[in-house]
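All chains, full assembly: derive it from the sequences and hints.
Those protein sequences? They're chains A and B, same order as listed.
Just so we're aligned: the first sequence equals residues 1 to 284 in my numbering.
Just so we're aligned: the second sequence equals residues 285 to 573 in my numbering.
Derived from the structure by calculation, the hints contain no laboratory data.
Be aware that a few hints might be false.
[Claimed, not checked] What follows is a set of in silico ranges between Cβ atoms, one per label pair, in the way DEER data are often shown:
hint : chain 1 : residue 1 : chain 2 : residue 2 : range
1    : B       : 295       : A       : 259       : 55 to 63 Å
2    : B       : 402       : A       : 73        : 47 to 55 Å
3    : A       : 159       : B       : 561       : 38 to 46 Å
4    : A       : 12        : B       : 468       : 22 to 30 Å
5    : B       : 295       : A       : 113       : 21 to 29 Å
6    : A       : 274       : B       : 478       : 33 to 41 Å
7    : A       : 274       : B       : 433       : 32 to 40 Å
8    : A       : 271       : B       : 437       : 31 to 39 Å
9    : B       : 295       : A       : 96        : 52 to 60 Å
10   : B       : 419       : A       : 18        : 25 to 33 Å
11   : A       : 274       : B       : 391       : 52 to 60 Å
Ideal Cβ placement from N, Cα and C applies to all residues, glycine included.
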Amino acid sequence: MIDFKNVYFRYSNEEGSPYALSDINLNIAEGQLAAVVGANGSGKSTLARLLNCLLAPSSGSVTIGGLDTSLEENLWKIRRKVGFVFQNPENQIVGTVVENDVAFAPENLGLAEAEIEERVTYALEAVGLADRREFMTAHLSGGQKQRLAIAGVLAMKPDILVLDEPTAMLDARGRDSIIKLILKIKNELKKTVVLITHFMENALCCDKLVCLEGGFARFAGPPHEFFMHGGEHAAKYSLRQPFGYELINRLNEKGFSFGAADFMKAAGTSELTEIIAKALENVR
Amino acid sequence: MSVKKTLISLKNVSFTYNRGLPTECAALFGVDLDIFSSEIITLIGHTGSGKSTLVQLLNSQQTPDSGEIKWHIEGVCDAKGLPVRRRVCSAVGLVFQYPEDQVFEETVYEDIAFGPRRLGKNSEETEKAVFKAAELMGLDKQILYKPPFELSGGTLRKVAIAGVLAMEPRVLVLDEPMAGLDPKSCDGFAKLLLGLRECLDLSIVMVSHNLEYAAALSDKIYCMSGGRIVLSGDPREVFSNIDKLEEFQIGFLPSAVIARDLSGRGIKFEKTPLTAEELATEILKNYGK
Numbered sequence: 001m002i003d004f005k006n007v008y009f010r011y012s013n014e015e016g017s018p019y020a021l022s023d024i025n026l027n028i029a030e031g032q033l034a035a036v037v038g039a040n041g042s043g044k045s046t047l048a049r050l051l052n053c054l055l056a057p058s059s060g061s062v063t064i065g066g067l068d069t070s071l072e073e074n075l076w077k078i079r080r081k082v083g084f085v086f087q088n089p090e091n092q093i094v095g096t097v098v099e100n101d102v103a104f105a106p107e108n109l110g111l112a113e114a115e116i117e118e119r120v121t122y123a124l125e126a127v128g129l130a131d132r133r134e135f136m137t138a139h140l141s142g143g144q145k146q147r148l149a150i151a152g153v154l155a156m157k158p159d160i161l162v163l164d165e166p167t168a169m170l171d172a173r174g175r176d177s178i179i180k181l182i183l184k185i186k187n188e189l190k191k192t193v194v195l196i197t198h199f200m201e202n203a204l205c206c207d208k209l210v211c212l213e214g215g216f217a218r219f220a221g222p223p224h225e226f227f228m229h230g231g232e233h234a235a236k237y238s239l240r241q242p243f244g245y246e247l248i249n250r251l252n253e254k255g256f257s258f259g260a261a262d263f264m265k266a267a268g269t270s271e272l273t274e275i276i277a278k279a280l281e282n283v284r
Numbered sequence: 285m286s287v288k289k290t291l292i293s294l295k296n297v298s299f300t301y302n303r304g305l306p307t308e309c310a311a312l313f314g315v316d317l318d319i320f321s322s323e324i325i326t327l328i329g330h331t332g333s334g335k336s337t338l339v340q341l342l343n344s345q346q347t348p349d350s351g352e353i354k355w356h357i358e359g360v361c362d363a364k365g366l367p368v369r370r371r372v373c374s375a376v377g378l379v380f381q382y383p384e385d386q387v388f389e390e391t392v393y394e395d396i397a398f399g400p401r402r403l404g405k406n407s408e409e410t411e412k413a414v415f416k417a418a419e420l421m422g423l424d425k426q427i428l429y430k431p432p433f434e435l436s437g438g439t440l441r442k443v444a445i446a447g448v449l450a451m452e453p454r455v456l457v458l459d460e461p462m463a464g465l466d467p468k469s470c471d472g473f474a475k476l477l478l479g480l481r482e483c484l485d486l487s488i489v490m491v492s493h494n495l496e497y498a499a500a501l502s503d504k505i506y507c508m509s510g511g512r513i514v515l516s517g518d519p520r521e522v523f524s525n526i527d528k529l530e531e532f533q534i535g536f537l538p539s540a541v542i543a544r545d546l547s548g549r550g551i552k553f554e555k556t557p558l559t560a561e562e563l564a565t566e567i568l569k570n571y572g573k
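Below is the structure:
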């Protein structure tokens, strides 16, 4: 679905100016949920912008569903395919009433009245805001605003959804609701999703984790592989380990021997309690 | 560190927006809160729990309907002992969640200089204040003459804080200082805040959703729900009270929850662990490791 081949990108073409992305070879299959992680300035947002033709690679190629993003004639086709959700929903909400905001994009696509109506209903139901349809957008909570921003993008019926730090501004409850929604968009609406995030807990529920450092892709694979091995990957790229991984890695350092199966389960507190209690019984 | 002194005290403070209008909305009920010198406190709670309203009261942008708020800061009150709003605003510096909301000048220097100039400082004093604030925030002198909007989000946030520090506040209020920063920058920011407290004897009030940093940095945590303070204390007191945290859906630290559940299975904990590291250490103590 998404294919990067030998992609280099720099913001200025002057001789000697630095590359924001270098030698990126990456494949994200249809229906996959991919997380992109890395420190500030590692190239995450640049990578995201290459996905919907806000930027074109300086060399190499990016293709989206077979369409080359460097070709001018593909521009609008790709932008309709790829929906973009930003960190701060306030930047993306344009309507004063919820349903008007969601209708903004379909109206601008020049769709028929009935089609617009259908898409607004579809998008609001998908994000769980159907009962807030006639609310003022200003009266929504932070989590609801982010869900509204996502609805606005879903109303364009994109194949791919790119979310740049969608949970950074939210509290724990809002964060959970957005992650559940992202999983639903992947599982039920069958979209391909690219999630840029600093929350390693969020990265754990993805199919593929991509770690960027200094513009290079240092890792692309299953998230548990990235976080196992004593957390050395995470430390090397200035990332935090998810809580459960850090705990298990620390216990392993001191002579416990939790294995891959335990790491796979190390997401929730109740699972962690179980694994540890069991291990301790064996020690006794 | 000097003896702790109360800087701001709130007694039984209540506040309602648009009082007497159809849009009336009660935001705070009977809040008691003391802010001491060189103390770091964190307010946690959901959107709509009253955190921002409370912050606006600290900064004298709103006045309570009932109850009392007092600033025990030198130079804040007039001859009659009444607080002067302008002076409160510079003594209690407020940094918004989005730095771009408060950075507006053409260069970083001009932006940081805005506050001290408005306080009536001459150009020499202003320059001194700008350089000092920039140095405290670890801003390179070279960037002082750049347009602020060329900077990264993290640096821009430092500029916004420098602009507030240039007014020499005694209390610094930060709304979500860590949002959007990567873990390494968060750690850097945490160190910076601790350094500010140390160097300037500054009190810091944070509004944050990041419970890990609230636990790591705060002397005291106040949890808010529905306009009330529902739980407060030092981080261990607050995060060990899991029932209450759940009741008000404030969130919890996974280490504290696992410790509680493992205690039920005969594993001993000397203290409530706040991090994975502390939890691992406590578990290992049970086995003489």
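Hints, verified against the model:
At roughly 57 Å, the beta-carbon separation of residue 295 of chain B and residue 259 of chain A lies within the given 55 to 63 Å, and the hint holds. In this structure, residue 402 of chain B and residue 73 of chain A meet the distance hint of 47 to 55 Å, their C-beta atoms being roughly 54 Å apart. Distance hint for residue 159 of chain A and residue 561 of chain B: a CB-CB separation of about 43 Å, consistent with the stated range 38 to 46 Å. In this structure, residue 12 of chain A and residue 468 of chain B meet the distance hint of 22 to 30 Å, their C-beta atoms being roughly 26 Å apart.
Remark: the range hint 21 to 29 Å for residue 295 of chain B to residue 113 of chain A is contradicted by a beta-carbon distance near 58 Å. Range check, residue 274 of chain A to residue 478 of chain B: about 37 Å between beta-carbon atoms, so the 33 to 41 Å window is met. The beta-carbon spacing between residue 274 of chain A and residue 433 of chain B, approximately 50 Å, falls outside the hinted interval of 32 to 40 Å. Against the hinted window of 31 to 39 Å, the Cβ-Cβ separation of residue 271 of chain A and residue 437 of chain B comes to about 35 Å, which satisfies the hint.
Between residue 295 of chain B and residue 96 of chain A the beta carbon distance is about 40 Å. The supplied range of 52 to 60 Å is therefore violated. At about 28 Å, the CB distance of residue 419 of chain B to residue 18 of chain A agrees with the hint of 25 to 33 Å. The supplied range of 52 to 60 Å is met by residue 274 of chain A and residue 391 of chain B, whose beta-carbon atoms lie about 57 Å from each other.
Checked against the numbered hints listed earlier, the structure breaks hints 5, 7, 9; every other hint is satisfied.
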